[in-house]
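Participant: Each chain, written out:
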Amino acid sequence: MLESVLNYLKSGVTPGEAGSQLWATIYIVVIVLGVSIAVIAMNWLERKILAHMQIRLGPMRVGPHGLLQPFADALKLLIKEDIIPANADKLVFWSAPVVVTMTAFTTFLVVPFGRTHAVTDMNIGVLFMLGISSLGVLGIIMAGWSSNSNYPLMGSLRSSAQMVSYEVAMGLAIVCAVLMTSLQTGTGTLSMIGIVEAQNAQGTWFIFKFFPLGFLAFVVFAIAMVAETNRAPFDLPEAESELVAGFHTEYSGFRWSLFFLAEYSAMLAVSSIAVTLWLGGWLRPFANTLSGPAWDLAFSLIPGLSFLVMAAGCFLGTIRMPKIVQMRAQVIGLGVFGALLGFVGLVLLLPGVRERVQDIFWFVAKVACFMYLYIWYRGTFPRYRFDQLMKVGWKVLLPIGLGVLILTALVGMRQELHDMLAAVVGGTR
Amino acid sequence: MSLTPFLGKVLMVDLVKGLSVTFHNQSEKERITEQYPLERPVVFARYRGQPRLNVNPETGESLCIVCNLCALACPEQLIVVKGERNPATKRKEVVSWTYDLSRCMFCGLCAEACSTDALELTQDYEMALYSREGMVLDQAALERGPEPVRYAK
Amino acid sequence: MKPATPAAHKPPAAPPKPEGPKPEPWESELVTALKQQYGSGILEASRYLGQPYLIVDSSILLEILRRMRHEEGFDYCVDITAVHYPKREQQFDIVYVLYSFPKNERIRVKARIKDGEHVPSAYPIWPTANWLEREVFDMFGIVFDGHPGLKRILLPEDWHGHPLRKDYDILQQDKEWVHINLGIESGQ
Amino acid sequence: MSQPIDTGYLDLDSKDKTFLDSTEMVLNMGPQHPSTHGVLRVILKLDGEKVLGTECVIGYLHRGVEKIGENRTYTMFNPYVDRMDYVAAVSNGLGYCETVEKLLNVEAPPRAQYIRVIMTELCRIASHQVWLGTHALDIGAITPLFYAFRDREEILRIFEKYCGARLTTHAFRIGGCIYEAYDGFEEDVKKYCTFFLPKLDEYEELLTTNRIWVTRTKGVGILKPEDCIALGVTGPVLRASGVKWDLRKAQPYECYKNLDFEIPTGINGDTYDRYLVRIAEMRQSVRILQQAVERIPTGPIMAKVPKVIKPPVGEVYHSIEAPKGELGYFIVSDGSTQPYRVRVRPPSFVNLQALDTMVRGMLVADVVAVIGTLDIVLGEVDR
Numbered sequence: 006m007l008e009s010v011l012n013y014l015k016s017g018v019t020p021g022e023a024g025s026q027l028w029a030t031i032y033i034v035v036i037v038l039g040v041s042i043a044v045i046a047m048n049w050l051e052r053k054i055l056a057h058m059q060i061r062l063g064p065m066r067v068g069p070h071g072l073l074q075p076f077a078d079a080l081k082l083l084i085k086e087d088i089i090p091a092n093a094d095k096l097v098f099w100s101a102p103v104v105v106t107m108t109a110f111t112t113f114l115v116v117p118f119g120r121t122h123a124v125t126d127m128n129i130g131v132l133f134m135l136g137i138s139s140l141g142v143l144g145i146i147m148a149g150w151s152s153n154s155n156y157p158l159m160g161s162l163r164s165s166a167q168m169v170s171y172e173v174a175m176g177l178a179i180v181c182a183v184l185m186t187s188l189q190t191g192t193g194t195l196s197m198i199g200i201v202e203a204q205n206a207q208g209t210w211f212i213f214k215f216f217p218l219g220f221l222a223f224v225v226f227a228i229a230m231v232a233e234t235n236r237a238p239f240d241l242p243e244a245e246s247e248l249v250a251g252f253h254t255e256y257s258g259f260r261w262s263l264f265f266l267a268e269y270s271a272m273l274a275v276s277s278i279a280v281t282l283w284l285g286g287w288l289r290p291f292a293n294t295l296s297g298p299a300w301d302l303a304f305s306l307i308p309g310l311s312f313l314v315m316a317a318g319c320f321l322g323t324i325r326m327p328k329i330v331q332m333r334a335q336v337i338g339l340g341v342f343g344a345l346l347g348f349v350g351l352v353l354l355l356p357g358v359r360e361r362v363q364d365i366f367w368f369v370a371k372v373a374c375f376m377y378l379y380i381w382y383r384g385t386f387p388r389y390r391f392d393q394l395m396k397v398g399w400k401v402l403l404p405i406g407l408g409v410l411i412l413t414a415l416v417g418m419r420q421e422l423h424d425m426l427a428a429v430v431g432g433t434r
Numbered sequence: 201m202s203l204t205p206f207l208g209k210v211l212m213v214d215l216v217k218g219l220s221v222t223f224h225n226q227s228e229k230e231r232i233t234e235q236y237p238l239e240r241p242v243v244f245a246r247y248r249g250q251p252r253l254n255v256n257p258e259t260g261e262s263l264c265i266v267c268n269l270c271a272l273a274c275p276e277q278l279i280v281v282k283g284e285r286n287p288a289t290k291r292k293e294v295v296s297w298t299y300d301l302s303r304c305m306f307c308g309l310c311a312e313a314c315s316t317d318a319l320e321l322t323q324d325y326e327m328a329l330y331s332r333e334g335m336v337l338d339q340a341a342l343e344r345g346p347e348p349v350r351y352a353k
Numbered sequence: 531m532k533p534a535t536p537a538a539h540k541p542p543a544a545p546p547k548p549e550g551p552k553p554e555p556w557e558s559e560l561v562t563a564l565k566q567q568y569g570s571g572i573l574e575a576s577r578y579l580g581q582p583y584l585i586v587d588s589s590i591l592l593e594i595l596r597r598m599r600h601e602e603g604f605d606y607c608v609d610i611t612a613v614h615y616p617k618r619e620q621q622f623d624i625v626y627v628l629y630s631f632p633k634n635e636r637i638r639v640k641a642r643i644k645d646g647e648h649v650p651s652a653y654p655i656w657p658t659a660n661w662l663e664r665e666v667f668d669m670f671g672i673v674f675d676g677h678p679g680l681k682r683i684l685l686p687e688d689w690h691g692h693p694l695r696k697d698y699d700i701l702q703q704d705k706e707w708v709h710i711n712l713g714i715e716s717g718q
Numbered sequence: 064m065s066q067p068i069d070t071g072y073l074d075l076d077s078k079d080k081t082f083l084d085s086t087e088m089v090l091n092m093g094p095q096h097p098s099t100h101g102v103l104r105v106i107l108k109l110d111g112e113k114v115l116g117t118e119c120v121i122g123y124l125h126r127g128v129e130k131i132g133e134n135r136t137y138t139m140f141n142p143y144v145d146r147m148d149y150v151a152a153v154s155n156g157l158g159y160c161e162t163v164e165k166l167l168n169v170e171a172p173p174r175a176q177y178i179r180v181i182m183t184e185l186c187r188i189a190s191h192q193v194w195l196g197t198h199a200l201d202i203g204a205i206t207p208l209f210y211a212f213r214d215r216e217e218i219l220r221i222f223e224k225y226c227g228a229r230l231t232t233h234a235f236r237i238g239g240c241i242y243e244a245y246d247g248f249e250e251d252v253k254k255y256c257t258f259f260l261p262k263l264d265e266y267e268e269l270l271t272t273n274r275i276w277v278t279r280t281k282g283v284g285i286l287k288p289e290d291c292i293a294l295g296v297t298g299p300v301l302r303a304s305g306v307k308w309d310l311r312k313a314q315p316y317e318c319y320k321n322l323d324f325e326i327p328t329g330i331n332g333d334t335y336d337r338y339l340v341r342i343a344e345m346r347q348s349v350r351i352l353q354q355a356v357e358r359i360p361t362g363p364i365m366a367k368v369p370k371v372i373k374p375p376v377g378e379v380y381h382s383i384e385a386p387k388g389e390l391g392y393f394i395v396s397d398g399s400t401q402p403y404r405v406r407v408r409p410p411s412f413v414n415l416q417a418l419d420t421m422v423r424g425m426l427v428a429d430v431v432a433v434i435g436t437l438d439i440v441l442g443e444v445d446r
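Taken in sequence, the protein lines are chains A, B, C and D. Per my numbering, the first sequence starts with residue 6, numbered consecutively. Per my numbering, the second sequence starts with residue 201, numbered consecutively. Per my numbering, the third sequence starts with residue 531, numbered consecutively. Per my numbering, the fourth sequence starts with residue 64, numbered consecutively.
Certain hints may be false.
Claimed, not checked - Below, in silico cross-link-like pairs of lysine-lysine (DSS-like), each with a Cα-Cα straight-line distance of 30 angstroms or less:
1. C:633 to D:312
2. C:552 to D:320
3. C:644 to D:130
4. D:373 to B:282
5. D:312 to B:209
6. D:113 to A:400
7. C:705 to D:130
8. D:262 to B:217
9. C:681 to D:287
10. A:396 to D:281
11. D:130 to C:552
12. D:262 to B:229
13. D:370 to C:696
14. C:552 to C:696
To be verified - Examples of chain A residues lying across from chain B (beta carbon under 8 angstroms, computed):
15. 57
16. 58
17. 61
18. 62
19. 64
20. 65
21. 381
22. 384
23. 385
24. 386
Hint data in this document are derived by calculation from the structure and do not stem from the laboratory. C-beta atoms are modelled at their ideal positions from N, C-alpha and C, and glycine is treated no differently.
Could you build the full structure based on these sequences and the hints that come with them?
Facilitator: Written as structure tokens, this is what we have:
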């Protein structure tokens, strides 16, 4: 038993490659749990960061600094009355959140959190992710249609039009990245792991490749992905000031929370695509400039150290909390949380663990940056109008995407082109 | 289009400017939330809050002379003062004094009309109650001032 | 000249207070021209505290308003309202407050009408009259002819009576509601 | 001669006349809706997202202020007017007090006039701040709301220090002010001016050049100047259409004639211009405040007014420039202690009427933007 576990851990392949059903199941469970925890953490972070941008404190009462607020909310949502409007199409109404959540989670099947940390290394990984994530729109249309109400209907129609439009620009940007994998190494790949490996082999993240082409493709993708996930400033399907809550107006309680879960996991999923395609996936930063075993060691210590820093922040927080009786429970809670973080940090410093885990850490850190951007946008920007949104999608992003694609192809093939041109010129001479 | 605005548009300077504003405001010293029961707002001297009937601090007698001016001044007619003349002192004394806080809009006209210093709107602002029953204040309650429920352990 | 105020039907037993300013006749080219054209249709042209007002016969009201708008430059209809004098034969004063942007002048045009008498709508002259007239209808029950959609605006459709009439009891509707829904006489 | 403008009636029964005509949708916006600023109900007739027509249903907040006025004495009615436009209560009170003063033929003493002007200008800034925050929120920018309310808090603090209440201030009395400026009033106002200008720049950095804000507001809800006048629209909405008209200049009341300020105007009369005009107005208000604070004279703050106010028989219409437009009071006195008739000419009510003209042919999202830009307060619309 133990031997098989160790064997697998040493093998350095994904469960899919190893053909191990057991490990695939374990991975899936871990990923579902991890994504759920990430969504909960996102919920708390979004409230806190948004509140701080808006010069507020955010949740402060449930747990120290509101740490338990998402759990309190989840509990509230679970015990809320389940309402299905009388005139709704019950079956569709019931299945819509399920569809949305399923698709949002399925995309994580191919996300490579590390060289071996993916459920499977599908050779059409990128296509799979795009395909599945665009199925999510189906659930949204179902939700809007079955609610039998005006606001959800308009929200879902907006949503479908928006997602379909931005998928085009998104696809073009992705093709640029895929094209880059085929250069130099000569073999293009759609596998998520293959793309990161290609970046590793080429010694550069694709965002810096053919500057500014890689960067432009990344920008196109970064804008399209915000639109794709219906987040500000493209959050028209759920624009609360116009459509009350958009497609999930009629939903409440647990069903509503499924939409919430799906939205945030979709954000995580598209951010993962962006990280994989342009930001080198699980690769650590400065892998080519700051190389060598000493640097490797230094970077592998960062995960543990960052947890320790967070723990220190918590302890500092306990000191700065008001020293009164009512806050004692909160102070203790924060202390315990800090201790927990510290413990995790120490575990991550262990030699056996740190090598295996640093891939995941870098990947998650990059995704976290995207999450911060999402929140930051939401805190800053007004919302586009529907026609303007379409205009940005079709008249700005699509031409840029096409241009970048063509230029990338030309720049990538410059050697061949040069040869060809020389041959033609030589032939005529 | 001249170069600078064009560059500004391409480099999204307008958006970056906005982003920097929200980013800078994240700092801790900008936050203005008051955590109410722990931090209490500063209420200034002229604040018009819970009404109070003042008593003479030395003798404990009510300062009210039952002139009924407050009741006449009140736009909502929520003050009812009844008094009768004490034959011994030849002064009018309060028999019943009620103030219906549930209808009060704290305009301060009663306190302005008061010919002594008896009626006053104080700086107490914690007047919320769970039912309307306790909102009609009598003389004793008005002289006592508010007793907000505190949820401390 | 009659004073334009309800004092006409008040008992003259008012205390001998220092008399307030009296309306004084308003002389201007506008008034002369109007008087020439409409003669007795202009019942009164006065100033009170420096504010000029015209009282016109309700039959020529629309004509006067149109003239004010198109010829005299009173292009902005500030307000339309009414005042109820139940003791008078012509129970309602309907008041148009007009302002002229070019002249920076404000005048009031008033007409006296009987209860139940219809008034021509000023909506074709000033679109702003739409809601203002609806409010007057809502509050006083004065019907405006030619209004595009004369219905209640502030009160619900099923409201009884017109609350700004002097004979409207503020408790009337409340009592009725309480009587029907709670089965008691009065909620007060 | 301008064409009569259709101010909005929907024939709701006539939809689905034929089978192919069934593309219209009736959307009921409000009275419970996040961006109708209270309890406004707008019935929209839509073709897809395009607005074919609107009808406003108002009156959900009707409290019968005018009827109350007939049953209260002049002094007693004063606190009630604060509750109409509750984000600019000081302006309401000023308009009412001035009208009764006019009826009594008295004038507030100079010191009172300056205090009143300072308070009203602070109130104008506060009102515009509420407008800015909610308008930005309607268009999707959630953060300016908090910045605006943070800075408004400082004004409310001055209000509370001056008259003891933050929102429904009841700051003035007929004949002047009852509260003498507290110690440090001038310093507080000066401090506020220096504090506020950088904050105003901050709002502008967030919005003025932001491309999303600009595309969302430019060309949206255009009102031509002649339409504005025909519809009786006043205040910043009128000025954004290019009509340079402000009652503070046109018919100066209080001490505005001694103060130097400009009337900002727009060109296109769209939502963006209205935004710019209101921002510029805040700057002008700061300018007025800075001058007024320097010039406050000493002296009494209350004119000689009898204790029981009994204006002579007569009627008077007087209006002031409230933050939202021309706020007029028409008071008829029968010589008793109670007004015979009080009529309020609410700017929000009249401005709201322009909604239909402004949103026809626009999209649903623009309806929200236009309601925001009209800066209505339902307490004043419904009274």
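Participant: So which of those numbered hints doesn't the model satisfy?
Facilitator: 5, 19
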